[in-house]
Amino acid sequence: MSLIKVRDLIYEYIRRDEEGNVEGITTAVDDVNLDIKQGDFVAILGHNGSGKSTLAKHLNAILYPTEGTVWVDGKDTKDETYVWDIRQTAGMVFQNPDNQIIGQVVEEDVGFGPENMGVPTQEIWERVEESLKAVGMYSFRKFSPNKLSGGQKQRVSIAGVIAMHPKCIVLDEPTAMLDPMGRKEVIRAVRALNDVEQITVILITHYMEEVIYADRVYVMDKGKVTLQGTPREVFSEVERLKELRLDVPQVTLLAHELAKEGFPMPKGVLTKQEFREALDRYRTERADKYANYFG
Amino acid sequence: MPIILDKVSHIYGEDTAMAVKALDKISLVIPDGQFIGLIGHTGSGKSTLVQHLNGLMRATSGNIYFNGQDIDDSDFDKKMLRSKVGLVFQYPEHQLFETDVFSDVCFGPKNLGLSKKEIELRAYEALKLVGLEDEYFYQSPFDLSGGQKRRVAIAGVLAMKPEVLILDEPTAGLDPKGRDEILDQILKLKVETGITVLLVSHSMDDVAKYVDRIIVMSRGSILYDDIPKEVFKHYQELETIGLAAPQVTYIMKELRDHGYNVSDAITTIEEAKREIKDYFTKLAVMQRER
Numbered sequence: 001m002s003l004i005k006v007r008d009l010i011y012e013y014i015r016r017d018e019e020g021n022v023e024g025i026t027t028a029v030d031d032v033n034l035d036i037k038q039g040d041f042v043a044i045l046g047h048n049g050s051g052k053s054t055l056a057k058h059l060n061a062i063l064y065p066t067e068g069t070v071w072v073d074g075k076d077t078k079d080e081t082y083v084w085d086i087r088q089t090a091g092m093v094f095q096n097p098d099n100q101i102i103g104q105v106v107e108e109d110v111g112f113g114p115e116n117m118g119v120p121t122q123e124i125w126e127r128v129e130e131s132l133k134a135v136g137m138y139s140f141r142k143f144s145p146n147k148l149s150g151g152q153k154q155r156v157s158i159a160g161v162i163a164m165h166p167k168c169i170v171l172d173e174p175t176a177m178l179d180p181m182g183r184k185e186v187i188r189a190v191r192a193l194n195d196v197e198q199i200t201v202i203l204i205t206h207y208m209e210e211v212i213y214a215d216r217v218y219v220m221d222k223g224k225v226t227l228q229g230t231p232r233e234v235f236s237e238v239e240r241l242k243e244l245r246l247d248v249p250q251v252t253l254l255a256h257e258l259a260k261e262g263f264p265m266p267k268g269v270l271t272k273q274e275f276r277e278a279l280d281r282y283r284t285e286r287a288d289k290y291a292n293y294f295g
Numbered sequence: 296m297p298i299i300l301d302k303v304s305h306i307y308g309e310d311t312a313m314a315v316k317a318l319d320k321i322s323l324v325i326p327d328g329q330f331i332g333l334i335g336h337t338g339s340g341k342s343t344l345v346q347h348l349n350g351l352m353r354a355t356s357g358n359i360y361f362n363g364q365d366i367d368d369s370d371f372d373k374k375m376l377r378s379k380v381g382l383v384f385q386y387p388e389h390q391l392f393e394t395d396v397f398s399d400v401c402f403g404p405k406n407l408g409l410s411k412k413e414i415e416l417r418a419y420e421a422l423k424l425v426g427l428e429d430e431y432f433y434q435s436p437f438d439l440s441g442g443q444k445r446r447v448a449i450a451g452v453l454a455m456k457p458e459v460l461i462l463d464e465p466t467a468g469l470d471p472k473g474r475d476e477i478l479d480q481i482l483k484l485k486v487e488t489g490i491t492v493l494l495v496s497h498s499m500d501d502v503a504k505y506v507d508r509i510i511v512m513s514r515g516s517i518l519y520d521d522i523p524k525e526v527f528k529h530y531q532e533l534e535t536i537g538l539a540a541p542q543v544t545y546i547m548k549e550l551r552d553h554g555y556n557v558s559d560a561i562t563t564i565e566e567a568k569r570e571i572k573d574y575f576t577k578l579a580v581m582q583r584e585r
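Going line by line, the protein sequences match chains A and B.
With my numbering as the guide, the letters of the first sequence map in order to residues 1 to 295.
With my numbering as the guide, the letters of the second sequence map in order to residues 296 to 585.
No wet-lab data here; the hints were simulated from the structure.
We treat Cβ as the ideally placed atom computed from N, Cα and C, and that holds for glycine.
Some hints could be false.
Unchecked claim - Here are a few chain A residues that face chain B, going by a calculated C-beta distance under 10 angstroms:
#: 1; residue: Pro120
#: 2; residue: Gly150
#: 3; residue: Gln273
To be verified - Listed next, the in silico DSS-like pairs over lysine-lysine satisfying Cα-Cα at most 25 angstroms (straight line):
#: 4; chain 1: A; residue 1: Lys267; chain 2: B; residue 2: Lys472
#: 5; chain 1: B; residue 1: Lys374; chain 2: A; residue 2: Lys267
#: 6; chain 1: B; residue 1: Lys472; chain 2: A; residue 2: Lys184
#: 7; chain 1: B; residue 1: Lys472; chain 2: A; residue 2: Lys242
#: 8; chain 1: A; residue 1: Lys289; chain 2: B; residue 2: Lys568
#: 9; chain 1: B; residue 1: Lys320; chain 2: A; residue 2: Lys147
#: 10; chain 1: A; residue 1: Lys142; chain 2: B; residue 2: Lys316
#: 11; chain 1: A; residue 1: Lys260; chain 2: B; residue 2: Lys577
#: 12; chain 1: B; residue 1: Lys528; chain 2: A; residue 2: Lys184
#: 13; chain 1: B; residue 1: Lys568; chain 2: A; residue 2: Lys242
#: 14; chain 1: B; residue 1: Lys472; chain 2: A; residue 2: Lys260
#: 15; chain 1: A; residue 1: Lys260; chain 2: B; residue 2: Lys483
#: 16; chain 1: B; residue 1: Lys572; chain 2: A; residue 2: Lys267
#: 17; chain 1: B; residue 1: Lys524; chain 2: A; residue 2: Lys184
#: 18; chain 1: B; residue 1: Lys577; chain 2: A; residue 2: Lys289
#: 19; chain 1: B; residue 1: Lys302; chain 2: B; residue 2: Lys374
#: 20; chain 1: B; residue 1: Lys572; chain 2: A; residue 2: Lys260
#: 21; chain 1: B; residue 1: Lys483; chain 2: A; residue 2: Lys242
#: 22; chain 1: B; residue 1: Lys568; chain 2: A; residue 2: Lys260
#: 23; chain 1: B; residue 1: Lys568; chain 2: A; residue 2: Lys267
#: 24; chain 1: B; residue 1: Lys504; chain 2: A; residue 2: Lys184
#: 25; chain 1: B; residue 1: Lys472; chain 2: A; residue 2: Lys222
#: 26; chain 1: B; residue 1: Lys504; chain 2: A; residue 2: Lys242
#: 27; chain 1: A; residue 1: Lys224; chain 2: B; residue 2: Lys472
Here chain A stands alone, though its shape is the one from the complex (with noise of 0.2 angstroms):
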């Protein structure tokens, strides 16, 4: 069974002018289905303002659907009876940490969310100390989190919403803020989640490298599904992807620039070993062909 489930969804909403009349309306998000399995990294990628972020906030009833269905862990986030089920299910980081950090110490703001649910004491602090060592930041727990790098704090948002133990987590550009190093180092804890504890990860990202590790990728333009695949099916439609204002990592943009010299280049190169292996691999043919002429 599916942990998330979309069907036919819809979503509008209207736009007014400043006196209040009805200018038009919006399709944000246009007939997108989906299923995503307990365990599975989906990332979703689009230019801005493709609907990316109106899909992702169906996945915890921030939104509800103007038409079709969102089912997590089969509940329809419709109803209402069901929202903070759904909620504690689907957990959600967003792009800037400062808006998402509340405590004055790091293990009291992770310990926000489960003391909320109503956990018992003692098992708030066991859950407050295996979600920072999930997220390697349990050295900080005693910081004031002003004190912490943007990374950090954001690994703190991340270890604030396992706490909570969903089932899926849904990040919504959680490294734009970031330095390189901060954006490592939310990518390294996010994959760990995924790998380690096996909660399933959706993330939305401008960033292409990143998703180089996900299990599917999708590319959404102006509200729908427009192309989906694993990393390296998405990453070999170098063109179309630059025509849906995207990229691709610059390891698969270098291999599709050679290939286009006549490189004997595979199409969607992931990481630099593959890039380094197709080289050997010509330069090996290269030699022999070489040796056998004029050998």
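Take the given structure of chain A and dock chain B to it, following the hints.
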């Protein structure tokens, strides 16, 4: 007009128990017409530094000279400084407030006490410089896309006719195409007007592609100040301070580590492509000679 910093330090909460040294004796020359990248991890002092350049913050010690004059002199015109050194903050679109794009861009020059005609001329020019089409001029800025809003906000600063433009992470949160568009536009602006640009960025790939000079900050000091190629040779040191080299630099390193005789000073896709092609051409020549 050049800006010169002479041993500039800034201490937050000086004379308190919580004193933090954010800038430590920074000496720096920013000549006319350069495109400079300023990089450093969160908390390295980048933002503190740029706020000194237009007098928003005052140095605890040291001197800052704008066009040869000390900006802390009693007869120095700080208002002039703020119009000559334009600062675009992070997420500048949050500062848009007028009912239409054109009025928003007019706001800055209006405060300079110019004539209505001059104000509108400047606003028009500025919007053209950032590449916004006429059809958007009388729309609400809030109906525009993220990248367009950001361009309007940058136009608002350009309408002040600054000679130095400082941008604090102008591409944060934009999609890849949006990032390229903004940076291409800034480069074009720099070439056309000869303005000095200081770009604060977390994207090493962008910095490598666009700037002439990189200043690397760490713990309130300048660690490197050189052309991109030279700076990114220190990728290991950069990693220890939370930064990195562009992704292509690592690809070339992987090749070098496996016996490819290619340069270690490669920072863009174009250069990498040329270097790999040259390598295989040379290899072919060698094999033929053998």
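Hint by hint, here is what the structure shows:
Given hint, Pro120 (chain A) at the interface with chain B, is violated; its Cβ is 37 angstroms from that chain's nearest Cβ, farther than 10 angstroms. The beta carbon of Gly150 (chain A) is positioned within 10 angstroms of a beta carbon in chain B (closest approach about 5 angstroms), and the interface hint is therefore held. Against a cut-off of 10 angstroms between C-beta atoms, the interface hint on Gln273 (chain A) holds, since the closest Cβ of chain B lies about 7 angstroms away. In summary, the hint linking Lys267 (chain A) to Lys472 (chain B) is supported, as the alpha carbons are separated by about 22 angstroms, within the 25 angstroms threshold.
Pair hint Lys374 (chain B) plus Lys267 (chain A) does not hold up; C-alpha atoms about 56 angstroms apart against a cutoff of 25 angstroms. A C-alpha spacing of about 22 angstroms is found between Lys472 (chain B) and Lys184 (chain A), which places the hinted pair at or below 25 angstroms, so the restraint holds. With a C-alpha separation of about 8 angstroms, the suggested pair Lys472 (chain B) and Lys242 (chain A) falls inside the 25 angstroms cut-off, and the hint holds. Proximity of Lys289 (chain A) to Lys568 (chain B) is assessed by CA-CA distance (about 23 angstroms); at most 25 angstroms being required, the pair is judged to hold.
For the given pair, Lys320 (chain B) sits about 23 angstroms from Lys147 (chain A) by alpha-carbon distance, which is consistent with the 25 angstroms threshold. Of the pairs offered as hints, the one joining Lys142 (chain A) and Lys316 (chain B) holds, with about 23 angstroms between alpha carbons and a cut-off of 25 angstroms not exceeded. Restraint check for Lys260 (chain A) and Lys577 (chain B): satisfied, since their Cα atoms lie roughly 20 angstroms apart, inside the 25 angstroms limit. With a C-alpha separation of about 20 angstroms, the suggested pair Lys528 (chain B) and Lys184 (chain A) falls inside the 25 angstroms cut-off, and the hint holds.
Pair hint Lys568 (chain B) plus Lys242 (chain A) holds up; C-alpha atoms about 19 angstroms apart against a cutoff of 25 angstroms. Simply put, Lys472 (chain B) and Lys260 (chain A) have alpha-carbon atoms about 21 angstroms apart, close enough for the 25 angstroms limit, and the pair holds. Between the alpha carbons of Lys260 (chain A) and Lys483 (chain B) the distance comes to roughly 28 angstroms, so the proposed pair goes past 25 angstroms and is violated. At roughly 18 angstroms between alpha-carbon atoms, Lys572 (chain B) and Lys267 (chain A) fall within 25 angstroms of each other, so this suggested pair holds.
Under the criterion of a C-alpha separation no larger than 25 angstroms, the hint pairing Lys524 (chain B) with Lys184 (chain A) is consistent with the structure, at around 23 angstroms. For the hint linking Lys577 (chain B) to Lys289 (chain A), the alpha-carbon distance of about 16 angstroms falls within 25 angstroms, and the restraint holds. Restraint check: the Cα-Cα separation between Lys302 (chain B) and Lys374 (chain B) comes to about 24 angstroms, which is no more than 25 angstroms; the hinted pair holds. About 12 angstroms separates the Cα atoms of Lys572 (chain B) and Lys260 (chain A), which keeps this hinted pair within 25 angstroms; it holds.
Proximity of Lys483 (chain B) to Lys242 (chain A) is assessed by CA-CA distance (about 21 angstroms); at most 25 angstroms being required, the pair is judged to hold. At most 25 angstroms may separate the alpha-carbon atoms for a hinted pair to count; Lys568 (chain B) and Lys260 (chain A) meet this at roughly 11 angstroms. The straight-line distance between the Cα atoms of Lys568 (chain B) and Lys267 (chain A) is roughly 16 angstroms, inside the 25 angstroms bound, and the hint therefore holds. With a C-alpha separation of about 21 angstroms, the suggested pairing of Lys504 (chain B) with Lys184 (chain A) holds against the 25 angstroms cut-off.
Among the hinted pairs, Lys472 (chain B) with Lys222 (chain A) is consistent with the structure: their alpha-carbon atoms are about 16 angstroms apart, no more than 25 angstroms. For the given pair, Lys504 (chain B) sits about 18 angstroms from Lys242 (chain A) by alpha-carbon distance, which is consistent with the 25 angstroms threshold. Taken as a hint, the Lys224 (chain A) and Lys472 (chain B) pair is honoured in the structure, with Cα atoms around 19 angstroms apart against an allowance of 25 angstroms.
Going down the numbered hints, you'll see the structure goes against 1, 5 and 15, while the others check out.
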